[in-house]
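J.: From just these sequences and the hints, can you work out the full model?
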Amino acid sequence: MKNLIFILCLIFALTSCLKKIDAADNLNTNIFDKEYVGPCWFTIEDTYIFINGDGQARVRVEAVLYESKMPGLKPSSVKINYQVNDQQAILSNVITNSNGDYPFYYDAIPESSNEYCLEAGIYLEAEDSIINKFTVCTQP
Amino acid sequence: MKSTNKFIITFLVVINMSLFSLNSAGQNKGVVKFQIENDNGYFEVLVNDTLLIKKYQDSLPAGTYAAKVWSQGYDIKDVDFTIKKDSVTLVYLKLDRSTAYEAYNQSYYNYRAKFHKSVTLPVCVSLGFAITSGVFMIRAYDLRKIINLDIDNYSQTPNPSEIDLLKIAVEENNKKYNFMRTGFYVSSGLAVLSIATTIYSSIKFNHNNQEPTYSKLSPFNNKMTLQFYGNGAAIIFRIG
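Line by line, the protein sequences are chains W and E. Under our numbering, the first residue of the first sequence carries the number -10, and numbering increases by one thereafter. Under our numbering, the first residue of the second sequence carries the number 477, and numbering increases by one thereafter.
Because the hints were derived from the structure by calculation, they are not lab data. Quick reminder that beta carbons are idealized off the backbone N, C-alpha and C, glycines included. Worth double-checking, as some hints may not be accurate.
Restraint-style ranges between C-beta atoms, simulated for each label pair [unchecked claim]: (1) W/Ile40 / E/Asp628: 47 to 53 Å; (2) W/Asn17 / E/Tyr676: 50 to 56 Å; (3) E/Gly610 / W/Thr124: 52 to 58 Å.
Derived list of chain E stretches under chain W, where covered just means 3 residues or more per stretch with a C-beta under 8 Å from a C-beta of chain W [said to hold, decoys possible]: (4) 562 to 569; (5) 609 to 620; (6) 636 to 647; (7) 651 to 659.
In silico contact screen, one side only, chain W against chain E (beta carbon under 7 Å); selected entries [unchecked claim]: (8) Leu7; (9) Ile10; (10) Ala12; (11) Ala13; (12) Leu16; (13) Asn19; (14) Phe21; (15) Asp22; (16) Pro60; (17) Gly61; (18) Leu62; (19) Pro64; (20) Leu113.
T.: Structure below.
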């Protein structure tokens, strides 16, 4: 009887380690993955109107790609393609700051709607393509 | 306490050769050699219902003897022979299988066939399933390790092409892993089932069958035995 209980416990212990690997079916959490399905990977930190060096009014939309959204091995820079509304898109090599985050901003021309939607995507140089585009709207 | 009705008193008399008339020096003795044809190479010869010889050859006083020859699994056969002084007498005899032994052989064969069917075969099947489930389990564990490593690498790398490769590898290995898991569960279940069947059929077999036996005891066991040594001879009487 003791042997039977021991064998059953052993079988239970062994089989409990052979569970289905759920993570294998959900490999879509890396922002560099073309099939990324996670939440928006950047956050708008601030939006404000300012006067630039040429004396023109601009709306600066400041955004950050936080370190926590990045994969374990963090590159020193990330190429991000972004634009506000339908204004000129920028391809920028965003460099990490002292906190390990990747801040970037867009100086938009003021618009009458006063709504500024930042659309940003990760640029893949090898394929010359932009993936994982997200749009977040804000007001100054 | 058990009854002692089978108690055997062995009376051993050791007589010096000089006192016993079987001393070879100055006697009318000859040598008898037995050539007994049987399968096991062992035989016993009971000479004149008194002298039990278990050797291939012996020296006996000259004269005519009536002997009975026996070997395990064979019928007792009578043979007469004459010993002449200082000569060698060859006694050739082919023993016949005993009917009882043939019956024992057949029943033992049947018993073994049943044993293999009821015990050996289920044990082999159980062992086969147990080994198969073990192989599935080991393969599954190996794949699990590889998959977890790839998943970890996936969460680490910022390289899109590496991500693609890792995803393909994880998908393929995960398919294999799930196959191994299924194989493990199925073969484990079958192993448990076959072990239970083995236990049941073994118990049933032991309950319903008894291993046939065949007595190896010599029919001459209760007779006197004469044994020769370097300086003498021993006569063993068995009474009871």
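J.: Under 7 Å is the threshold here; is the Cβ of W/Asp22 close enough to any Cβ of chain E for the hint to stand?
T.: With a closest approach of 5 Å, the W/Asp22 hint holds.
J.: Do the numbers back the hint for W/Leu113, that is, is its least Cβ distance to chain E under 7 Å?
T.: This hint holds: W/Leu113 lies near chain E, its Cβ roughly 5 Å from the closest one there, short of 7 Å.
J.: Grab the minimum C-beta distance from W/Leu62 to chain E and call the hint holds if it beats 7 Å, violated otherwise.
T.: Cβ of W/Leu62 sits 5 Å from chain E, so the hint holds.
J.: Does W/Pro64 hold up as a contact with chain E if the rule is Cβ-Cβ below 7 Å?
T.: Interface hint status for W/Pro64: holds (5 Å vs cutoff 7 Å).
J.: W/Ala12 was flagged as interface toward chain E. Is the shortest Cβ-Cβ separation under 7 Å?
T.: Holds. Min distance 5 Å.
J.: Holds or violated: the region 609 to 620 of chain E covered by chain W, criterion of 3 or more residues with Cβ-Cβ distance under 8 Å?
T.: Holds, because 4 residues of the region 609 to 620 of chain E bring their Cβ atoms closer than 8 Å to Cβ atoms of chain W.
J.: Between the region 562 to 569 of chain E and chain W, see if three or more residues pass the 8 Å beta-carbon test, and mark the coverage as holds or violated.
T.: violated (count 0)
J.: Evaluate the given range 50 to 56 Å for the C-beta pair formed by W/Asn17 and E/Tyr676.
T.: With a Cβ separation near 51 Å, W/Asn17 and E/Tyr676 satisfy 50 to 56 Å, so the hint holds.
J.: Once the shortest beta carbon distance from W/Asn19 to chain E is found, is it less than 7 Å?
T.: holds, 6 Å
J.: Taking 7 Å as the limit, does the beta-carbon of W/Phe21 come near enough to a beta-carbon in chain E?
T.: holds, 5 Å
J.: Are at least 3 residues of the region 636 to 647 of chain E within less than 8 Å of chain W when you compare beta carbons?
T.: holds (count 8)
J.: With a cut-off of 7 Å on the beta carbons, see whether W/Leu7 makes it to chain E.
T.: This hint holds: W/Leu7 lies near chain E, its Cβ roughly 5 Å from the closest one there, short of 7 Å.
Against the hints set out earlier in the document, a violation occurs for number 4 only.
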